[in-house]
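4 protein chains.
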Amino acid sequence: MAGSILGDIFKISTWGESHGKALGVVIDGCPAGLELSEADIQKDLDRRKPGQSPFATPRKEGDKIEILSGVFEGRTTGTPISLIIYNKNQKSKDYSALKDVYRPGQSDYTYDLKYGHRDHRGSGRSSGRETAARVAAGAVAKKLLSVLGIEITAYTASIGPIEVDPDNFDQNYIMDNFLYMPDQDAVKKAEAYLTEMIDENNSSGGTIECNVKNVPAGLGDPVFDKCEALLARAVMSIGATKGVEMGKGFKAAEMSGYEHNDFYRYNDSGEIIKETNNAGGTLGGITDGSEIQLRVAVKPTPSIEKTQLAVNRSGENINLNIHGRHDPIIVPRAVVVVESMVALTLVDLLLKNMTSRIDYIKKVFNAEN
Amino acid sequence: MAGSILGDIFKISTWGESHGKALGVVIDGCPAGLELSEADIQKDLDRRKPGQSPFATPRKEGDKIEILSGVFEGRTTGTPISLIIYNKNQKSKDYSALKDVYRPGQSDYTYDLKYGHRDHRGSGRSSGRETAARVAAGAVAKKLLSVLGIEITAYTASIGPIEVDPDNFDQNYIMDNFLYMPDQDAVKKAEAYLTEMIDENNSSGGTIECNVKNVPAGLGDPVFDKCEALLARAVMSIGATKGVEMGKGFKAAEMSGYEHNDFYRYNDSGEIIKETNNAGGTLGGITDGSEIQLRVAVKPTPSIEKTQLAVNRSGENINLNIHGRHDPIIVPRAVVVVESMVALTLVDLLLKNMTSRIDYIKKVFNAEN
Amino acid sequence: MAGSILGDIFKISTWGESHGKALGVVIDGCPAGLELSEADIQKDLDRRKPGQSPFATPRKEGDKIEILSGVFEGRTTGTPISLIIYNKNQKSKDYSALKDVYRPGQSDYTYDLKYGHRDHRGSGRSSGRETAARVAAGAVAKKLLSVLGIEITAYTASIGPIEVDPDNFDQNYIMDNFLYMPDQDAVKKAEAYLTEMIDENNSSGGTIECNVKNVPAGLGDPVFDKCEALLARAVMSIGATKGVEMGKGFKAAEMSGYEHNDFYRYNDSGEIIKETNNAGGTLGGITDGSEIQLRVAVKPTPSIEKTQLAVNRSGENINLNIHGRHDPIIVPRAVVVVESMVALTLVDLLLKNMTSRIDYIKKVFNAEN
Amino acid sequence: MAGSILGDIFKISTWGESHGKALGVVIDGCPAGLELSEADIQKDLDRRKPGQSPFATPRKEGDKIEILSGVFEGRTTGTPISLIIYNKNQKSKDYSALKDVYRPGQSDYTYDLKYGHRDHRGSGRSSGRETAARVAAGAVAKKLLSVLGIEITAYTASIGPIEVDPDNFDQNYIMDNFLYMPDQDAVKKAEAYLTEMIDENNSSGGTIECNVKNVPAGLGDPVFDKCEALLARAVMSIGATKGVEMGKGFKAAEMSGYEHNDFYRYNDSGEIIKETNNAGGTLGGITDGSEIQLRVAVKPTPSIEKTQLAVNRSGENINLNIHGRHDPIIVPRAVVVVESMVALTLVDLLLKNMTSRIDYIKKVFNAEN
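Protein chains in written order, with my numbering: chain X, 1 to 369; chain V, 1001 to 1369; chain L, 2001 to 2369; chain Z, 3001 to 3369.
Excised from the complex, chain X in its bound form (with noise of 0.2 Å):
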């Protein structure tokens, strides 16, 4: 209801502040009988991580996970999973400066209009940080998923002006380079651009592709939990979101039906196929089988040095210089931020799916009829 809630049947539970003594997250109905290590986990934080790049903050979060809950003999129990990951670089005071001053692009000036009262350092609920434990409840759900052979990668499509050139793609790079691009020459592209905006203390947008693989047909509910709304709601709660596209998305705006449909055919086996998959993987919010395609619009980092307009709480408009150093781009992060807010719906969305229809309750319960 606040907020921190997520998912109907796999449920999580995220908390946290930037510069608390934890975060973590507790996930609620996770089926019991998976195989779950810390391992599997800690892989994925290790993805989002600072510290790692030339084009990322320095600070080193470690973020290490633990399970605290609900996993017994290296097997969940069906009970709740608690995951914690201890904060070891707390430094307030390197952040005390910035308590009553509204930072242009971030939500000092929000969560003060709603709460009245607000925890500043390093944007206190507000920071990307709180995507670690998103990311950690996502490596259980992806875990689960693998159950069932359903593949989901993601990857930055662009950097500010830098596009993946569909020809030059190579699914095998992403995990190669810092910015996680399936594109060797888009890299060197994109590093040079972001070389040039931490030179002008500015920083950069771009976007976030994410596609699925193996996805069983039927998840998604129809009217207001279709997949892609669920999964656009998924997606645009992630901090820095600012559009969301499923398939053709906003092209699709511009084609006409005979150009977007997917025609159907029966190939050589006697399934039906689709000639091409502009819809992006569902239709009338239900998954038919073929690959989800997404894409997601993040805005660049508005934590940046050169010198902005803001004014303070005492009523003075002033000019703020934002010290040390952040993220010059938000996007190679995020990447399996994306990745785990897609993993969560559809999880969800697939143990919902279980209880659609009276043959599958048959087979749950072995009955006869």
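Everything labelled a hint here was simulated from the structure, so no lab data went into it.
Some hints could be false.
[To be verified] The calculated lysine-lysine pairs, modelled on PhoX-like cross-linking and capped at a C-alpha distance of 25 Å, are: (1) X:Lys99 x V:Lys1274; (2) Z:Lys3043 x X:Lys64; (3) X:Lys251 x V:Lys1306; (4) V:Lys1362 x Z:Lys3143; (5) Z:Lys3064 x V:Lys1363; (6) L:Lys2363 x X:Lys143; (7) X:Lys21 x Z:Lys3043.
[To be verified] Derived Cβ-Cβ restraints for the label pairs, each shown as a range: (8) Z:Glu3073 x X:Asn172: 48 to 56 Å; (9) V:Ser1146 x Z:Thr3276: 30 to 38 Å; (10) X:Glu151 x Z:Glu3073: 40 to 48 Å; (11) Z:Asp3046 x L:Pro2054: 54 to 62 Å; (12) Z:Tyr3266 x L:Gln2042: 43 to 51 Å; (13) L:Phe2169 x X:Ala367: 54 to 62 Å; (14) L:Glu2316 x V:Asp1268: 55 to 63 Å; (15) Z:Asp3046 x X:Asp46: 51 to 59 Å; (16) Z:Ser3314 x L:Glu2073: 47 to 55 Å; (17) Z:Asn3172 x X:Lys43: 34 to 42 Å; (18) L:Asn2366 x Z:Lys3088: 54 to 62 Å; (19) V:Met1175 x X:Gly324: 49 to 57 Å; (20) X:Lys43 x V:Glu1259: 51 to 59 Å; (21) V:Gly1074 x L:Glu2316: 26 to 34 Å.
[Unchecked claim] So these bits of chain Z aren't anywhere near chain V, every CB distance computed over 12 Å: (22) Gly3116; (23) Asp3170; (24) Asp3176; (25) Asp3199; (26) Phe3224; (27) Arg3265; (28) Asn3277; (29) His3323; (30) Arg3357; (31) Asn3366.
Glycine included, each C-beta is placed from N, C-alpha and C at the ideal position.
Assemble chains V, L and Z onto chain X, guided by the hints.
Frame of chain X, contents of chains V, L and Z only:
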């Protein structure tokens, strides 16, 4: 859970198939004491109603709303408001020819995959007709928002390649043309374009923009219930939408932080204002009191007369010819649906925000300090 | 949220006032493929219907159910099932005399305190008539449970001081008497007692018991969603209930651990059985496959003709004389309501339990190990 | 959904096994601005803590609470409050002997039936230890309710056959004895009775009563969210409870309407008062401002040293001897748990009630008429 219920406090539960006896919505959680009449609702339904324009299906639906409960002596009682629209124009036989066919761009195939059994008449539950219930509920939400002076305006921003020119923007013109566009020149061009599409037995996509004025600050909750996340979910749950943006949206991905950040200044009245509104009305997922601005991509009508490749349930590839007039474009009739979904989202956030602070509790219960 | 929606997967949303145009319920989340007809529902509604017994109000309500959506060619489609009952017998003038009076034992005063504005006609939303919608939804739930052979039986266990004698218990007799008691002798005594109450212009309380056979093991979730917790909530939400017990209930408070514990044995077929069922069918909030047994206390009808002390809204103490016939006892008509609430609770737990184990997921999606 | 989350606005998500690393709770939806310290919570935990009485297990749990998030400079921020208690006394080997045994009156068997895989150490998730997290959350709820002067008092009302005598009722004595009984004579008799039970290696049940003073009118929602329904669910979700009553409870079933109805009068200050409070504080499910009164039946401790009949997972009937000291009665330590569950229920209803009327909305948002 099964997708036809939306909202946490102002909960709506919609029901009904395109060619069933009726369709409707139950609203649970509307505060008591709101003045409400059938006329308040009917005027929005009339904007969605078919048969009013050369660019919309001539099917006469009537769409007469009836309030069955929850309103007494002209005011809401706080108990569920049940709204019903009887279907007058049920010609099921029109559709029997298509019952074994999977039409491109429709949900025939996915509903069968999910449920094994579906009402095939006129797309059943996944018909655009379902949105009439949303519009009815949305009209109640808008009535409630009007108590605080909140104003929501949606309009057609583009049709195929024809876009509204910001320099010609005329808000008063929106309700004066069948396309609900705020630009006389664009309307002329769009009419020509749509006539061309009709002649080709084809259809067009387009975009809708929605602005909200006088929004109280503080709406939206941290992390998953960010205002933009819930708005994205709400509009992406409308059948034909393929993308959504807040503020600069995908353009933000190409901007630098210095360009995208909205700078703050105190105005002469000592109020904090933003010099720009690139963010589109929220920061950290919470409204700041500035205008909410969003944009939605709508795909072209999938039902076209032009021959398409399709399959049937008997394992055959077929050439599909759909007869009968359909909307050559979904956008104009969807304008009021977008407006409704935005209203439903905001009313729920508004009610939730009432519980966010101890001092609000003291106000409501007249507690001393 | 506002209290007229129940369930997490099999969600029901009820609406309607006693003297409004109609009342009804929308069920969202009923699995597709369930055979369902109006007759399935009507037969339960007829058990609740007034005017059938010398011990019930002669108000002829009719209570004819109509299915408006969600069922196609005799089977559910997985989309919302809307059920409606039109009110035939709306004589609002009968009630106008009481519109400014706060009747003892009724909700007049509390609804005014809460909402400031209420439909005073025949208790409006808080009328027992509201339960017709629950019974309609409950009939659908029972139909679904019957797929797995689950049988729910409720009956009158006591009327005022007259209790059913376990030695005379005759399940077949329940449906053969207006009081729905399983004991011919008790029925005679109860009839005499009720006649006395009627002669005094007074009313009687009583208790209802409900047993469920063939319950699958595993229903109920740890901590807050224990089977008994959700059953307690469900039956305590019926207007006139004042208490609920599972198994030995309050008697357990006087027993020792050795007496109360149900001992386990393997039977000849190698199945685990309990030697007793003091627990009433669950342990740790989860069903063990034995019979669920619960008991509900129902207060006497508050509307009595005997003169009572009351107040009106003008600040006056008054002597209240309520005219017209009312049920001298609520219990017999509430028997089917208890049955319905138990069914609704179990169906939701049953569907939730499908998602509790990885091996169930593999079964439904035909996943290899 | 999986049962460890409770509440619609003030949402709590509990986690942790008896012998895991830690247990805790996340509260999402606590309003901002509430003063809160660890001491506020610790004092309630200390009432539940074992090892303090001759009639409780000597296991030293410590139960030291730590606030990990959501509180800044001594006040809540409106973001999730994460509370943790580390388990100090994990001797898993103590329990290994029982890992293949199904103990009578415990959840060993049902957890295995449901999940196929469970943490058998000290009853795992279904241990009474789980309630420490509820008490921690309940302490926060009570702090919030105290802003409006609401006072909740629970106490032991009976132990086995020994009942509190209303004529000896002394509220101040409750916190002065290990049994939390408000009657010195009853305490003496109960101590004798419990000593007898301990000597027999047996255990005792009992009842708990809970009263709430200064409750605002208007809490509770029509139909399914009646105040008494949600209270019943809350207290029946405590592991060992077997029944619950409001006001006269089961006695109401034997009363006539004239006896049970609470008559209204205006007092000298022109306020409406009830001459009696048989209803226990609500009508139609909504509080009327009078005292809430409920009573809970608690079964005897199932873990007893006396030899019992049981089974193991290898298909054998066994004679079970459980060694080690257990509480001879659950009731005294459960008193604060009942208080906590009542507090959690009321705080949620209180927050929901803020959204029930248009005039409350106007108050919060300072809207003109």
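Which numbered hints fail:
2, 5, 9, 13, 15, 17, 18, 20, 26, 30, 31
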